[in-house]
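Novice: Here the structure of chain A is known, so what remains is to put chain B in place on it, guided by the hints.
In case you want the letters, here they are:
Protein chains: 2
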Amino acid sequence: MNGVVLAPGLKGFPHGHAPVAGDEIAVLGWNILDGRFPLPLAVLKRVALEHNLQWMQQFVRDRGIDLAPHGKTTMSPQLFARQLDAGAWGITFATVTQLAVGVAAGARRALIANQVLADDDLAAIQALLKTHAELRIVFLVDSTAQLALIEAWSAVHAGSVPFEVMLEIGVPGGRTGCRTHDDAAALARRLHASAAVKLAGIECYEGLGAKGRSEDDVPYAAALMDRVDAIARLCDAERLFDTDEVLLSAGGSAIFDLVAGRLKPALGRPVRGLLRSGCYVTHDHGNYRRMLAAVQARCGCADSLRPALEVWTHVQSRPEPGLAILACGRRDISFDIEMPIPFARAPRGTLVPQPVPSSWKVTGLNDQHAYLRWDAADEGLAPAVGERIGLGISHPCTTFDKWHWMPIVEDDYRVSDAVTLHF
Amino acid sequence: MNGVVLAPGLKGFPHGHAPVAGDEIAVLGWNILDGRFPLPLAVLKRVALEHNLQWMQQFVRDRGIDLAPHGKTTMSPQLFARQLDAGAWGITFATVTQLAVGVAAGARRALIANQVLADDDLAAIQALLKTHAELRIVFLVDSTAQLALIEAWSAVHAGSVPFEVMLEIGVPGGRTGCRTHDDAAALARRLHASAAVKLAGIECYEGLGAKGRSEDDVPYAAALMDRVDAIARLCDAERLFDTDEVLLSAGGSAIFDLVAGRLKPALGRPVRGLLRSGCYVTHDHGNYRRMLAAVQARCGCADSLRPALEVWTHVQSRPEPGLAILACGRRDISFDIEMPIPFARAPRGTLVPQPVPSSWKVTGLNDQHAYLRWDAADEGLAPAVGERIGLGISHPCTTFDKWHWMPIVEDDYRVSDAVTLHF
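Protein chains in written order, with my numbering: chain A, 37 to 459; chain B, 37 to 459.
Accuracy of the hints is not assured; some may be wrong.
Since the list gives no way to pick one copy over another, a pair counts as held whenever it fits inside one copy or between any two copies.
Keeping only pairs whose Cα atoms sit at most 25 Å apart, straight-line, the calculated SDA-like set for lysine to any residue is [said to hold, decoys possible]:
1. Lys166 x Ala43
2. Lys397 x Thr434
3. Lys166 x Leu46
4. Lys166 x Ala54
5. Lys234 x Thr386
6. Lys397 x Arg215
7. Lys397 x Ile373
8. Lys247 x Met375
9. Lys397 x Pro208
10. Lys81 x Arg144
11. Lys247 x Arg409
Honestly, the hints are just simulated from the structure, not real lab data.
So that you can see chain A by itself, here it is in the shape it has in the complex (with noise of 0.2 Å):
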């Protein structure tokens, strides 16, 4: 685990627990539910985790292009080396720390999805360029007003390289990008014409506007690729990229089905079609369960994804019938997209956790607590106080930026690695 050493202090480390080395924890034996460690705790499942990272790289290759996970979701170096060792093409990022985070974690080719223009984070990647002479670098563009800006760092600033660039395509009312044709149009001359970046691809991010229903998906998937696939030809036919091979970007992981056959069009110069999926690295229990039967309805798939990330917690008090409070608030698990979802539930003393009744909900979220409810039918199978408690998630990104780290257990919850999470 790269050195990484994990110790009491970190939330859900065994109080008092002398360090361990990432990868010694596996020796030492440990099981989450043996009772060591202080709950809340969010835990991996290893063969859903690498079912995952295996059945996203088989889906890309299968479409002849290529996978820039997000790193956004985990922030993890860990992940980062399996994404990359099961294929990854490279790693994409949110911001510039980000990025810096990633390459000393190895990774040599990076996305940034995101406009750059603050003359500290054009510093950096300038900084990070030189001294890593085998580092790609691509980040967003969608407006002249951002392109000046770097313009005028580079003016100022001898010596830099032209900093590579993907334009972005964006959707009225959503978020960044350009609206419309003739903008980009515009915009992709003025990239082409400016010493200060490379025009090397189109880029584009549907995940915002799913909705999960393939009536509404798929024409309003179309349309977007439709328009980031007529950019790319007017580029290609005016000769307006800058770089031998032309990247071509999309991609959430709520309908990445519905752009990945559009990334790879025939132009005049290779063409590599960039998948950005972040949250498929361990899927969950809500939104993006709910995403993929959409998406393994269309693809006529037999298997998809798989939840990944769990987060296991007790019951403190049993106050009134119907009602149990968890130790689990908004600091350790999403809530973004909806309440936790309880599906397992482990007495004290028992390593087996069972399901749970289908009335259980969690419908409140304190900063450091949960309310979980059922039905007055199921009272008699209520949790007792010090109950352990199974979380399904909703919104990997959300749970795993209340970390700092997470054991990797196997399926009967034995502790076999750890990763470390930079947020």
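Specialist: Structure of chain B alone, referenced to chain A:
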């Protein structure tokens, strides 16, 4: 700053800069608007922070009670030290992991405002008490089921000292705590009779029920504190308290004025009232600002708390009229109560922020982005790409937990100190 070293890799720290000891940061002459800090960046304003520390300390002093501020808000050793230096009796925590951070930071009187019951947590408390002879730790009990777990642990750990506990009074439909006087009385008798614990006081948390309207909050708080008072008198009359001094504790940062006056009833032994407000230390621009307006009206105070926590970022795109995309997302700022509140702007090159048009609103957050919108009439005042925007927050706890450090700035945004955060 306790020898803490800030270094690249911490979000918000200048890219590639040499590590800096916290107590040396002031001499560097940095200003958070001088372009050297990667944005977003969360900052603490020294003058407001010191005002709040003094204001709240005076508030409890005037009422003859003490402050045991909730450390979970900031989890900052340097802020704990400032709170203790200002006169706080001790520090409150939500978990044993947090407690260990606080004890390492010098806290010697600690409340855990939660039910402790897991074997590893109980063992860690005993270990801390053994290591620090002058340390006092008091946690909450609200059920005989919890007491049974504590007794079971103590039975097999000869030589452990009795745990000091407060009995928690809860609100029907609320979170933890005994729902009825009879349940509380029965539990108090069990606690007094148990060799595993010492009943040190009575606790409640009024904050979750606060509405911000005096006509609701005054009778709600009075009814809750009447119940606390009744059980305290019963324990006093029946000599159930096991300590010479009785602790009576309540307290969030929303309607603390409605409980503070009730924490010092005349009992047969000395009473120490402990207010556990945590968010007062930085206050905010949203929820607590509204709550304090009501506190101020009730107290007739000319002055109260001041917002001391801001997040600065920049515009990365202005993709269509009425919309700017900011580089600041769910990983950087609170969103559990309401969206961030834009309050200042600083064009590139200036160190002097100006107020923003009142129509500016943040209407949404993604993981790494914010959507800033304005009325069509203000299109001429739209921020430029690259312009810096100051965001106020609503709910300090969920902004603090997204950072590992924060600079402390003077009112002109010169950096004069820094704190680290340990979530």
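Novice: Decide, hint by hint, whether the structure agrees.
Specialist: Results for each hint:
1. Lys166 x Ala43: This pair counts as between: shortest inter-copy Cα distance 20 Å, intra-copy 35 Å.
2. Lys397 x Thr434: Intra 20 Å, inter 23 Å, cutoff 25 Å: intra and inter.
3. Lys166 x Leu46: between (34 Å within a copy, 22 Å between copies)
4. Lys166 x Ala54: between (40 Å within a copy, 18 Å between copies)
5. Lys234 x Thr386: For lysine 234 and threonine 386, the Cα distance exceeds 25 Å both inside one copy (59 Å) and across copies (30 Å).
6. Lys397 x Arg215: between (41 Å within a copy, 22 Å between copies)
7. Lys397 x Ile373: both (15 Å within a copy, 21 Å between copies)
8. Lys247 x Met375: Both: 19 Å inside a chain and 23 Å across chains, each within 25 Å.
9. Lys397 x Pro208: Classified as between: cross-chain Cα gap 19 Å, same-chain 37 Å, threshold 25 Å.
10. Lys81 x Arg144: neither (27 Å within a copy, 39 Å between copies)
11. Lys247 x Arg409: between (28 Å within a copy, 24 Å between copies)
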